[in-house]
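Based on the hints, put chain B in the right spot on chain A.
Here is how the chains run, residue by residue.
Protein chains: 2
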Amino acid sequence: MTALIDGLQYANWSEKIFRQMRAGGVDAVHVTITYHETFRETVLNIERWNRWFERFPDLIFQGRTAADVTLARKTGRTAIFFGSQNPSCMEDDIGLVEVLHTLGLRFMQLTYNNQSLLASGCYEADDTGLTRMGRAVVSEMNRVGLVVDMSHSGERSTLEAIEHSTRPIAITHANPASWHPALRNKSETVLRALAESGGMLGFSVYPHHLRGGSACTLQDYCEMIARTADLMGIERIGIGTDLCQDQPDSIVEWMRVGRWTKTIDYGEGSKDAPGFPPMPDWFEGNRDFGKIAWGLGETGMTAAEVSAVMGGNWLRFFAEGFGPATGPRAHQKGA
Amino acid sequence: MTALIDGLQYANWSEKIFRQMRAGGVDAVHVTITYHETFRETVLNIERWNRWFERFPDLIFQGRTAADVTLARKTGRTAIFFGSQNPSCMEDDIGLVEVLHTLGLRFMQLTYNNQSLLASGCYEADDTGLTRMGRAVVSEMNRVGLVVDMSHSGERSTLEAIEHSTRPIAITHANPASWHPALRNKSETVLRALAESGGMLGFSVYPHHLRGGSACTLQDYCEMIARTADLMGIERIGIGTDLCQDQPDSIVEWMRVGRWTKTIDYGEGSKDAPGFPPMPDWFEGNRDFGKIAWGLGETGMTAAEVSAVMGGNWLRFFAEGFGPATGPRAHQKGA
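First to last, the protein sequences are chains A and B.
Under this note's numbering, think of the first position of the first sequence as 80, with each following residue one higher.
Under this note's numbering, think of the first position of the second sequence as 80, with each following residue one higher.
Read the hints as simulated data drawn from the structure, not as lab findings.
Take the hints with a grain of salt, since some may be wrong.
Identical chains blur together in the list; that is why a pair holds if it fits in one copy or across any two.
[To be verified] List of simulated lysine to any residue pairs, SDA-like, C-alpha gap at most 25 Å:
1. 153 / 402
2. 153 / 405
3. 153 / 404
4. 95 / 174
5. 350 / 328
Please read these numbers as outputs of a predicted model, since none were measured by experiment.
So here's chain A without its partners, still in its complex pose (with noise of 0.2 Å):
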């Protein structure tokens, strides 16, 4: 396998977890640092970051490109890359566009559910796109080379995305809702203007996404990935697990609602089951990556094809993704 990667994963870290990642073999995950922070509470979170790096340096390290993703194959370390999962953390400052992206960030959300700043949310009953400073961000983005992610966004803004972005977009943690209508999960209208940009689909293992929920199997899971590809091209695939271990319920509330409603807003779970659903038992946690490569061989793919769904994609795609904007078009609609 050229590397193993995980497109997005938002953990209750701990020693115990980063040695499950070296246990699984796991290269590279982007995790999520922050939510509904503002940029100060944001540093406060890298803050951290920094002191599990300096503390597990011979388990994890900070990733910041793609090269970061070969030294750990080659140290025996899990390059952690850093994302947000909503603008909060740029508050209304174009300005903290590169400095995040100095300080690591690499895939931003433009919107988690709600309307944000710059564009609408999944959960927003009127998706009005892009905002003007949704466009000039994605402008800003783009030139710094901080990937946007719109997993959280609804159709249009997702759309407008992929359009007005001048390099090739994310969705890190999401499944197609012809398999499973969910919300959160991406029309095939979405999945193929994606493909033709050059963007990147991150499968998600979270139950709400998962046809069949906490008790979806892993052949439906793999046959769904490789129905995916026939569609969007196996290049343009990769693995976003949407990871929660070792999570308390009330951190999904907070993703939930944040500081913007007083009263509870149950997102994806109900009044009846609030909490983290459980995740299906054949993927628990990093040591379980192999069971999902087994399963994409048994749909038939080629050992190359696994590879490349594994992690090679995410791999190509850091590299494109995370440098400065070469060139006065950096983006080929189509490649």
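Chain B only, in chain A's frame:
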């Protein structure tokens, strides 16, 4: 000449000044980006610099390592290294030391004239040395490669910083008090300890630090440098002009009072002369470094010695100082 480096400037930056840097062949400048600002306000100042870097890529770029000085020389540009004249930018949060270093900060003064959370300034009646937090922060600065600058600190604090720091420190802009007794100039005790610990002194051209003030002659300034070389060793000295070109007098008032007092404090000035003093006629800006180099030659220094003072020593110091600590004790007393 190996490199032409100015150890401190705080100008009212403009395209004009950047062009004068090029006209003067200045390869690198340590610029003050913050005094009394909080972390968030400091980041706003970094954003201003990012726009200048974006706007004038043929004139300037952000320097992070000594290699950037060489790159600047090779590509005909000036490398800009960030520094802070006060620890306000790190607030009360030791985790910000590494964050600021990641953002490019390479020098930080532990105090600016007053008592800080870390040490005592040179205008306080009592200097109580490094505080508890001061010792912790110096160690953290040593770890990440952020240089301790004691230009505006008291005598005891400076000696304790030299003693406690495991890596050489700097006094980026000051002169010997024996030549011109001023609160901001340094005793022979300090200069000897600085030299013995492998540290660097940058000679200021700010008139309040000069014998005779604005009327100080180039010959007198260069003779002072030559005598200090006898005391400290030729390899421990450089230039740190403290150039405040094009700043309005409102800025020097803000530098002195920040937000810490509601009344006026004249600092090195006085009620009769509250503003910036006029610079000596032989140093009005970045095009005039050649005059200092010539003046140093006139004192009898060899070409190699002049080259060391004009930038070679700072270049070596940058190479030693700006990266993460290596080995258990990077600092060797008497090195």
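Unmet hints by their number, sorted upward, for this structure: When the structure is compared with the hints, none of them turns out to be violated.
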